[in-house]
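Student: Numbering of the sequence shown is given in our numbering, commencing with residue 109 and proceeding in unit increments.
Simulated from the structure, these hints should not be mistaken for laboratory data.
There may be inaccurate statements among the hints.
[To be verified] Calculated cross-link-like contacts (lysine-lysine; reagent style BS3-like; alpha-carbon spacing at most 30 Å):
#	residue 1	residue 2
1	K168	K147
2	K125	K373
3	K239	K189
Quick caveat, the model's predicted, so the values are computed rather than measured.
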Amino acid sequence: MKKDWSDEFVYHWKYYKSPARPSISDLRFIKKNIKSKGKNAKVLILGSTPEYRNMCGQLKLSVTLIDFSKKNYQYLNREVKNKPKEKFVQGNWLKTVLDEKFDIILADNIVNMFKKKDINKLFSNVSKMLKDDGYFITRTYFRDKGEKYTGDNSIKEYRREYPKSGVCSGTIRNLILASYDFRKDYTMLKDAWKVILNLYNKKLISNKELKDYENLSLNRDFLFFMPLRSDLEKKFFKFFKTKEIFYGNEKHLKNKLPLYVLIKK
109 MKKDWSDEFV YHWKYYKSPA RPSISDLRFI KKNIKSKGKN AKVLILGSTP
159 EYRNMCGQLK LSVTLIDFSK KNYQYLNREV KNKPKEKFVQ GNWLKTVLDE
209 KFDIILADNI VNMFKKKDIN KLFSNVSKML KDDGYFITRT YFRDKGEKYT
259 GDNSIKEYRR EYPKSGVCSG TIRNLILASY DFRKDYTMLK DAWKVILNLY
309 NKKLISNKEL KDYENLSLNR DFLFFMPLRS DLEKKFFKFF KTKEIFYGNE
359 KHLKNKLPLY VLIKK
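Hey, can you work out the whole structure from these sequences and the hints?
Tutor: Here it is in structure tokens:
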């Protein structure tokens, strides 16, 4: 049965790996930037990303988090082995703006959760919570102009170029593009699921691979926006200057899921 975008989704998060989660090289890069702000850096995390929370715990930093769901935050606690001192704020990133200013704001794939029309508001709110010399570090799926995929060439590319990454890590971005509505400029995860079922019916993926996809619980009304690189950077540049762009060195990331380090204009 198809679910809405949030129903029980957190219980499936344990099955997700990079690129849905930050990779090892991503985390190494982020840690370096956090440490550059000193031992008393004030950190805000948009969401409850366990990897970011664990990193801040290792660095003995206090953290503020804004997430729409306290239940999700509490459930993900089990993944945080080095839990920092945390202040949780339940809120909507398009509406919730804290009075406090932060040295570091971390956001993992949050752009992809909104429609294009909401992105300026999102970045405006982030800029209001960032110190003048602070870093907004955000990781975002993007696409290049003219870039398109089908289910068939998504799976073929995976088998040819990075089969050791695992079928979900190696295909999920391209399967989202295979189901993408370029007129609306988003897709729903349930449409990517239909592409996967079609691959299975054509015997292009195995029973085991189908099960791996099933564990992701994609058959739901979860909007996914993958902006054009040029559009994304135009929206960034309205509020921020680019300090650095980092691409994780894991092969399946394909230089398509960068970390931007941004400073307020």
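Student: Each hint: holds or not?
Tutor: Results of checking the hints against the structure:
Restraint check: the Cα-Cα separation between K168 and K147 comes to about 8 Å, which is no more than 30 Å; the hinted pair holds. Our distance criterion of 30 Å between C-alpha atoms is broken by K125 and K373, whose separation comes to about 34 Å. This hinted pair checks out: K239 and K189 have alpha carbons roughly 29 Å apart, not beyond 30 Å.
The structure shown violates just one earlier hint, number 2.
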